[in-house]
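Chain S is fixed; fit chain E onto it per the hints.
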Amino acid sequence: MSTIEQETETEEPTDEAAEAAVESPGERRRAEKQERTRQRDQQRVDEGISESEETVTLKVFRYDPEVEGKEEPRFDDFTVPFHKGMTVLDALIYSRDHYDSSLTFRHSCRQAVCGSDALFINGKQRLACKTQIADLDSGTIRIEPLPHQEVVKDLVVDMEHFYDQMEAVEPYFDADELPEDELEEQRQDRENREKVKMSTRCIWCGACMSSCNIAAGDNEYLGPAAINKAYRFAMDEREGEQRKQERLKIIEQEHGVWRCQTQFSCTEVCPKDIPLTEHIQELKREAVKNNLKFW
Amino acid sequence: MAEHYSSFERKGSRWLLQRVTAVFLVGVLAFHFLLLHFVNHAAEITLAGTTTRMSSVGYFVTMVLFLVTATFHGVNGVYNALINQGIDGTQKQAVKWVLVAAGVLLIAQGTRVAVAMTNLV
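These protein sequence lines map, in sequence, to chains S and E. Read in order, the letters of the first sequence correspond to residues 50 to 344 in this note's numbering. Read in order, the letters of the second sequence correspond to residues 93 to 213 in this note's numbering.
So that you can see chain S by itself, here it is in the shape it has in the complex (with noise of 0.2 Å):
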């Protein structure tokens, strides 16, 4: 605290010598940003752990292909504070923050929502952000990229493999007739954004895709999130049957839908429990049904 009063007390004349020249608004604030970071900063160095305080052991992969040093895969071992209510992404922004600025993963909502940090923490495709630190048993917390995608640098994985297959599936609405007037709603009865509701929660995280075992085999397989989203919208009833027959003639190619072999691995790791295989089984009947006419 003494070191926050003198420094205002030092700060006060150079705040009136600024104002003398006329300060502008922006500067105002960009000085005092500046300031609110020093402090924080300083406020960091200043957090030892205690001995007494309760601390978590993040075991964290490692690999820069860039880095000297860093070429061969390893893990680093990071002690944080636990505190209540502290998630997997809490504990990894510390271990960035307090120990080694290079620590890379992706992240950004941190309420699972944006879909950024799917990883692979003890074992199991899971969101860092939504993953309780008092949940995991373990008291090393094991964080890895996610498996089956080429690893960039430490927890970033490549994910254009992943948005290809989205895009394969033409994720977008695109009904066969707009209504006439513009301004008119294309309304959806109740039952039918029912029957689509658990799919369009779709984060695009990929934590389905990388648990599966065919899609790691199979690279041409669509994978459990592009089948969701195809699913979305072929049983969205405002489309029109043109439409659904081009999405079904999509999803009905022999690495569509076929290759899935209820595992029940991606509706195990879904963060926002879509119940995908239920889908896809859903979209197989579908096309059997749309397909098999012995008549």
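To be clear, the hints were calculated from the coordinates, so they are not data collected in a lab. What you were told as hints is all true, and nothing was included just to trick you.
No farther apart than 25 Å at their CA atoms in a straight line, the calculated lysine-lysine pairs in the PhoX-like style are these:
| # | chain 1 | residue 1 | chain 2 | residue 2 |
| --- | --- | --- | --- | --- |
| 1 | S | Lys202 | S | Lys173 |
| 2 | S | Lys338 | S | Lys246 |
| 3 | S | Lys108 | S | Lys119 |
| 4 | E | Lys184 | S | Lys298 |
| 5 | S | Lys108 | S | Lys179 |
| 6 | E | Lys188 | S | Lys298 |
Below, chain E without anything else, positioned relative to chain S:
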């Protein structure tokens, strides 16, 4: 819907047949266990007993159907497991025709044995 006349033009028939044959196989296996392990559990298994059963037309037809469905189910299962592994192109064609040949051979030899067990011919 003029473009949808053909029943088997698009994929899905093999997937459906795999399931239909599975149901048939489970049913016939249950029948086998009930008949030969619970209802008539023979102390000694003899060729004469087999011949008597196989000479009944209904039983013979069931067994041959079992042979055909089991062969399809098995061979198609192996084919799909390999496709799941991502085989493609020449590899896929080779696997396909080897499995078709294996299926035909199995059915031919199985039928030969089944006929030999009867008094029908």
